[in-house]
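Keeping their order, the protein sequence lines are chains A, B and C. Per numbering that gives the first Met the number 0, the very first residue in the first sequence carries number 0; after that it's consecutive. Per numbering that gives the first Met the number 0, the very first residue in the second sequence carries number 0; after that it's consecutive. Per numbering that gives the first Met the number 0, the very first residue in the third sequence carries number 0; after that it's consecutive.
Note that these hints are calculated values from the structure, not bench results. Check the hints yourself; a few may be wrong.
To be verified - Calculated lysine-lysine pairs in the DSSO-like style (CA-CA distance at most 27 Å, straight line): (1) C:LYS38 to C:LYS95; (2) B:LYS353 to A:LYS176; (3) B:LYS381 to A:LYS176.
Unchecked claim - Which chain B residues face chain C? A few, computed with CB under 7 Å, are given here: (4) GLU108; (5) SER109; (6) ARG188; (7) GLU198; (8) GLY202; (9) ALA203; (10) LEU205; (11) SER208; (12) ASP247; (13) ALA408.
Using N, Cα and C, we set each Cβ at its ideal position, and we do this for glycine too.
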Amino acid sequence: MAEAESKDKEKPAPPNPKFWEPAPWDHDLQALARRLAKPHGPCTADELKVVAWGPKQVEGYIDVPAAKILDVCRTLRDDAECRYDIAMCISGVDYSNDDPQLAVIYHVLSIEKNRRAQIRTWVPKSDPTLDTVESIWPAANWHERETYDLVGIVFRNHSDLRRILCPEDWVGFPLRKNYEFPKEYHGISCV
Amino acid sequence: MASSHPQTTSHSGGTAHSGSAAALPFRPAGSGEYDEDGNLKPKFGRPLAEGEREIVMDVRTQDMEMNMGPQHPSTHGVLRVLLRVDGEVVTQAVPYIGYIHRCAEKIGESVEWIQYLPYTDRYDYLAAMNNNLGYSMAVEKLLGVEIPQRAMYIRTICAELNRIGSHLIAFGTYGLDLGAFTPFFYSFREREWILSIFEKICGARLTYSFIRIGGVFNDAPPGWLEEVEAFCDDFEEKWKEYNDLLSDNLIFVRRTADIGVISKEDALAYGLTGPCLRGSGVKYDLRKDQPYELYSKLEFNVPVGEGKKGQLGDCWDRYDVRMQEMRESVRIIRQCLAGIQEGPVLAKLAAALKVPAGHAYVGIENPRGELGHFVISGGDKKAIRLRVRGPSFCNLSILPKMLPGTMLADSVALIGSIDIVLGEVDR
Amino acid sequence: MVNFADNTAPDSQAKAGGWWSDVWLGLWTTLVGMRITLKYFFKKPVTVQYPEERMPIPDRYRGIHYLEQEKCIYCFQCARACPVDCITMEAVRHGKELEWISFSVDYNRCMFCELCTYPCPKDCIHEGKEFALVTYDRKELIHDLLTYRGLSDEAKVRLAEAEKEKAAKEAAKAAKAAAAAKPAAAAKPASAPGAGDAAAPPAS
Numbered sequence: 000m001a002e003a004e005s006k007d008k009e010k011p012a013p014p015n016p017k018f019w020e021p022a023p024w025d026h027d028l029q030a031l032a033r034r035l036a037k038p039h040g041p042c043t044a045d046e047l048k049v050v051a052w053g054p055k056q057v058e059g060y061i062d063v064p065a066a067k068i069l070d071v072c073r074t075l076r077d078d079a080e081c082r083y084d085i086a087m088c089i090s091g092v093d094y095s096n097d098d099p100q101l102a103v104i105y106h107v108l109s110i111e112k113n114r115r116a117q118i119r120t121w122v123p124k125s126d127p128t129l130d131t132v133e134s135i136w137p138a139a140n141w142h143e144r145e146t147y148d149l150v151g152i153v154f155r156n157h158s159d160l161r162r163i164l165c166p167e168d169w170v171g172f173p174l175r176k177n178y179e180f181p182k183e184y185h186g187i188s189c190v
Numbered sequence: 000m001a002s003s004h005p006q007t008t009s010h011s012g013g014t015a016h017s018g019s020a021a022a023l024p025f026r027p028a029g030s031g032e033y034d035e036d037g038n039l040k041p042k043f044g045r046p047l048a049e050g051e052r053e054i055v056m057d058v059r060t061q062d063m064e065m066n067m068g069p070q071h072p073s074t075h076g077v078l079r080v081l082l083r084v085d086g087e088v089v090t091q092a093v094p095y096i097g098y099i100h101r102c103a104e105k106i107g108e109s110v111e112w113i114q115y116l117p118y119t120d121r122y123d124y125l126a127a128m129n130n131n132l133g134y135s136m137a138v139e140k141l142l143g144v145e146i147p148q149r150a151m152y153i154r155t156i157c158a159e160l161n162r163i164g165s166h167l168i169a170f171g172t173y174g175l176d177l178g179a180f181t182p183f184f185y186s187f188r189e190r191e192w193i194l195s196i197f198e199k200i201c202g203a204r205l206t207y208s209f210i211r212i213g214g215v216f217n218d219a220p221p222g223w224l225e226e227v228e229a230f231c232d233d234f235e236e237k238w239k240e241y242n243d244l245l246s247d248n249l250i251f252v253r254r255t256a257d258i259g260v261i262s263k264e265d266a267l268a269y270g271l272t273g274p275c276l277r278g279s280g281v282k283y284d285l286r287k288d289q290p291y292e293l294y295s296k297l298e299f300n301v302p303v304g305e306g307k308k309g310q311l312g313d314c315w316d317r318y319d320v321r322m323q324e325m326r327e328s329v330r331i332i333r334q335c336l337a338g339i340q341e342g343p344v345l346a347k348l349a350a351a352l353k354v355p356a357g358h359a360y361v362g363i364e365n366p367r368g369e370l371g372h373f374v375i376s377g378g379d380k381k382a383i384r385l386r387v388r389g390p391s392f393c394n395l396s397i398l399p400k401m402l403p404g405t406m407l408a409d410s411v412a413l414i415g416s417i418d419i420v421l422g423e424v425d426r
Numbered sequence: 000m001v002n003f004a005d006n007t008a009p010d011s012q013a014k015a016g017g018w019w020s021d022v023w024l025g026l027w028t029t030l031v032g033m034r035i036t037l038k039y040f041f042k043k044p045v046t047v048q049y050p051e052e053r054m055p056i057p058d059r060y061r062g063i064h065y066l067e068q069e070k071c072i073y074c075f076q077c078a079r080a081c082p083v084d085c086i087t088m089e090a091v092r093h094g095k096e097l098e099w100i101s102f103s104v105d106y107n108r109c110m111f112c113e114l115c116t117y118p119c120p121k122d123c124i125h126e127g128k129e130f131a132l133v134t135y136d137r138k139e140l141i142h143d144l145l146t147y148r149g150l151s152d153e154a155k156v157r158l159a160e161a162e163k164e165k166a167a168k169e170a171a172k173a174a175k176a177a178a179a180a181k182p183a184a185a186a187k188p189a190s191a192p193g194a195g196d197a198a199a200p201p202a203s
């Protein structure tokens, strides 16, 4: 019995061919990109790059230029087609050490339309600054502080950009791939 | 301002009390402006009517900064709130968090997929089943595995039982915060039963690590489903007692109704989810609006705050939403018990799990709100990035907005009504 | 200092009614609660007096590990599965037999997740019902799960038998070889005495 089970374990389940399909509440990213482009939104059509849902990607998102993130987010909240009233999750991502850029991914939710969408933007590691969207969603305040704390992305015009989870005198940004674990902190061994 | 002024014990001055001061219910001493004679300028620009009395400030107070926490019984963990108080009135509040920060997200990048499971227990330790479920679903979304039906039923039963257990803590400790000691014991009596039910299926009482990627670890032992049924029967009776003990108690109502009102707009702007959002009258529940697992097949109501005892969105409404949700959870469990069938409980997965590359965000309805797991895989044994969107973290961020203008004693009622778990705020 | 009447919004004042009704409602709702307390006052308590009485521990309880050492094949699956690397083991292989040196679990780190028990191919590591882990020193929290060190008695017997068998096999082989060598030696009788002569001088 046990042997049969262990043999079964070696055979992974074939993935459901439709597993990556967006749910009914996921915003059609092409439509959203059209909405974010002029005349409704701030971007030109070629500035937006839609990475669609797919088996190798699973969740799609729209790449938007970092300079226009504030306007894009304002459109996301105020546009009649979008109405994204909750900033669900703002996450900074360091994909790899070779990548010269850091990504910031915004997951937004519209309660009115019961929809979700993701947008992504890139900032260079040499100068990781980005406009804050705190003025649009106050919820972004703590998310951006956390992103600053752990990934080291500096948000311009943020009202209170301090470390939030790590202590004030912590060195380095833990979620960067090149982060080195400290040997000790205030005389306390970390090993 | 107060300290710079010469006439600190003046009996003259004071301001006419405006009845329509809803925007600022208090007029803290020392916060007004003074004219040349040292009298407070009328704040609302209304001259005194005939026969109207002035409220005289006897002692002009100075702002004082004080720490609430990190070791304070009503902060439910190690939360420190730096309060600036003017007498009894809070004028500013700055929460300091991170005392038990473990950087779960970094751990997620450095351990294998299945090994991260025990760490999910540790952020919201009152609802560990839900955390397991959220993480497993996020990885399953990338893997594209299909979960056996029986596993889904067991998952749903466990998640809902855990929701009841978590809300029981919220109910019990909220009474405790406000000086009602008895309900705490009653809530723990039922919670104890829930924990022993969990102990029978997975062997742990708090950190379950039971719901895993691809299903659940163990099938239900013989007699387990019957015991869950017995619990449901018993709990519906006990639930009525809770209401008698606390919900309608006038002292409790007076301490929670009209306190800490969160408007619908604020709730949305600060990204509140779960009972805090529903307490403000927004009918939004992921189980209903974006159903996952079995929830689309199940029948249940989404309780929202109605402002029964005061304004809509006050502490009592949030409390009441949790109470009602417990009953709905019992309904869900009953339907699952009726529908559960024999079968396997674990999908066949490779022993050394390699997750295909991709991004996946999965939000589930935790007892405290939307618990989101955002997983980025590079097709390897470990994650590239594992972001956790904790509901308590986001719900707590409204504190600096809510606290100013309330009485110091109400800040306890307010923090308790958000029902935070610091393990998840700090992660 | 401030007008405390401000504290209660006009709504709640209207709902609450007058002072007497407040007193009455306050008393009544407290009495409703007290009735429940009174109801349970005469019932048996649900609590247990811990050190004397204990709650029943279910079969699947995740407590301190125990190892079925006889079954263990030293495959490291449990140590690999552990998220906190708290299992260390050391053994020497003598053919099929294992000479155990150590198998320890560091309970400073262990979080009783039971992930170590699932990948075990021989189903030999389990989490038991024991949970009290109180010590005066952290070093004492590193538990050795071995019931014996070195070789087990059965293994010693088996090893001895195996060695005997091996020796017997070798002897048989040697005998066979010798048997095979005899006809060869008979075929070349001249070489053997010659070799014996060569070996003789250093011995004498």
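Verification of the supplied hints:
This hinted pair does not check out: C:LYS38 and C:LYS95 have alpha carbons roughly 67 Å apart, beyond 27 Å. About 20 Å separates the Cα atoms of B:LYS353 and A:LYS176, which keeps this hinted pair within 27 Å; it holds. Pair hint B:LYS381 plus A:LYS176 holds up; C-alpha atoms about 13 Å apart against a cutoff of 27 Å. A cut of 7 Å between beta carbons decides the hint on B:GLU108: the least distance to chain C is about 13 Å, and the hint is violated.
A least Cβ separation of about 10 Å between B:SER109 and chain C goes past the 7 Å threshold, and the interface hint is therefore violated. Interface restraint check: B:ARG188 against chain C, minimum CB-CB distance 6 Å, threshold 7 Å, status holds. With a least beta-carbon distance of about 5 Å to chain C, the hint placing B:GLU198 at the interface is held under the 7 Å criterion. Because the closest C-beta pair between B:GLY202 and chain C is about 4 Å apart, less than 7 Å, the hint holds.
Look at B:ALA203: its Cβ gets to within about 5 Å of chain C, closer than 7 Å, so that hint holds up. Using the Cβ-Cβ criterion of 7 Å, the hint placing B:LEU205 at the interface with chain C is not satisfied: the shortest such distance is roughly 10 Å. At its closest, the beta carbon of B:SER208 sits 5 Å from a beta carbon of chain C; the interface hint therefore holds under the 7 Å criterion. With its C-beta approaching chain C no nearer than about 6 Å, B:ASP247 sits inside the 7 Å limit, and its interface hint holds.
With 7 Å as the threshold, the beta carbon of B:ALA408 stays out of range of chain C, its nearest partner Cβ sitting at about 10 Å, so the hint is violated.
The structure does not agree with the numbered hints 1, 4, 5, 10, 13 stated previously, though it agrees with the rest.
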